[in-house]
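2 protein chains.
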Amino acid sequence: MTTDPTHTEKMKALQTEQKKKTSEARDPGRGLILVHTGNGKGKSSSAFGVIIRALGWGQKVGVVQFIKGKWITGERQFFAKFADQVTWHTMGEGFTWDTQDKDRDIAAAEAAFARACEMMQSGDYDLIVLDEINIALRYDYLDVQAVIDGLKARSDRTSVILTGRDARPELMDYADLVSEMTEVKHPFKAGIKAQRGLDF
Amino acid sequence: MTTDPTHTEKMKALQTEQKKKTSEARDPGRGLILVHTGNGKGKSSSAFGVIIRALGWGQKVGVVQFIKGKWITGERQFFAKFADQVTWHTMGEGFTWDTQDKDRDIAAAEAAFARACEMMQSGDYDLIVLDEINIALRYDYLDVQAVIDGLKARSDRTSVILTGRDARPELMDYADLVSEMTEVKHPFKAGIKAQRGLDF
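Those protein sequences? They're chains F and G, same order as listed. At position 63 of the first sequence (counting the first as 1) the number is 63 in the UniProt record's numbering, and the numbers step up by one without a gap. At position 62 of the second sequence (counting the first as 1) the number is 62 in the UniProt record's numbering, and the numbers step up by one without a gap.
Hints are not guaranteed to be accurate.
It does not matter which identical chain is meant; a pair holds if it fits inside one copy or across any two.
[As the list claims (entries may be wrong)] Below, simulated SDA-like cross-link-like pairs (lysine to any residue); rule was C-alpha separation at most 25 Å, straight line:
#, residue 1, residue 2
1, 10, 98
2, 102, 121
3, 21, 6
4, 81, 156
5, 68, 39
6, 185, 103
Hints listed in this document are in silico derivations from the structure and should not be mistaken for laboratory results. Note that this is a predicted model, so its numbers are computed, not measured.
Input sequences plus hints: build the corresponding full structure.
Now the structure itself:
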């Protein structure tokens, strides 16, 4: 059970390298823009996980949901208990195949984005999640340049996470972080139902 | 502002297809195994987001952290308030480059996995998160077949999420869902510090 000296040496070198990187890193002086995209699971749920981190530090959070409609989800039931720290707006009308009305979908997306802009400029939030906004951009319900302008006009205090598959390249260019969630294997494809607590 | 009839038709067809898929899907009769891997951001945070969903439905959750040590994170501060619903064990000793001691790392991983097995077999949890366990597998601190055997022995009630980069292929074979988070762009690479509320 003696400790491997080669391992210790390697780890010391790695530690030095990590410390150097960390000490050289700077504070951005402004909230960051994060994009979660791809066809895999985890885009919205990781945004909810980041909300938890923010709440753990006593920060204020806003959420605008662009697509999801009024059905009950675990996350909405949960965050409803934190109304003093989390402002939650579900402004979608549901899936495009359920609304079947493009004008209505566009109006809903525009109203949601107007609300998002107010919140981003207010200076009241440390973190704002624009959930599924990439879907609204993909269908041209929103103009990508207008969305980037809205992000640029945010308060310095505010970081923003934008979720949804097929994120626009212009948006990824502007973002500080882009993470792509790729589906390697999915139970729904194997004929398994969406599960309460896991999927919604 | 008339509604586009082609759009409506297309959406009707899509709705029919979605309804068919949903109605044919079956209940798995057992908790699912989910793997979050890849080099990008969102593996642990999306597991925390799924915890929120589970809590929103009144479910019981367990977390075992295999690598992260005792430093303070937003998520730990937050979930500490839900001790009646969330059992949280941080059993790592920190990054391998900080411990610099392989025997100690292995002992920590084995103790964490023994705890995880007890929890998975207990029948007390709807969801268990084995955070960063893939790192322990990657360094051979744990044996992949032993981990799969542990998962197989879980209570039918219990779903398990395993996080960390470089997930073992054998584990991905056994899992019901695999989502790979890929780093497209990262602020740390651009010299920006890890941010409280976003990164920890």
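Going through the hints against the structure:
1. For the identical chains of this complex, residue 10 and residue 98 are inter-copy neighbours only, at 11 Å across copies versus 57 Å inside a copy, given an alpha-carbon limit of 25 Å.
2. For the homomeric pair residue 102 and residue 121, neither the shortest alpha-carbon distance inside one copy (29 Å) nor that between copies (49 Å) is at most 25 Å.
3. Taking the closest pair of Cα atoms, residue 21 and residue 6 come within 25 Å of each other only inside a single copy of the chain (23 Å); across copies the shortest separation is 55 Å, beyond that limit.
4. In this assembly of identical chains, the alpha carbons of residue 81 and residue 156 never lie at most 25 Å apart, being 28 Å within a copy and 30 Å across copies at closest.
5. Taking the shortest Cα distances, residue 68 and residue 39 sit within 25 Å of each other inside one copy (17 Å), while across copies they are farther apart (29 Å).
6. When the C-alpha separation of residue 185 and residue 103 is checked against a cutoff of 25 Å, the pair qualifies neither within a copy, at 35 Å, nor between copies, at 35 Å.
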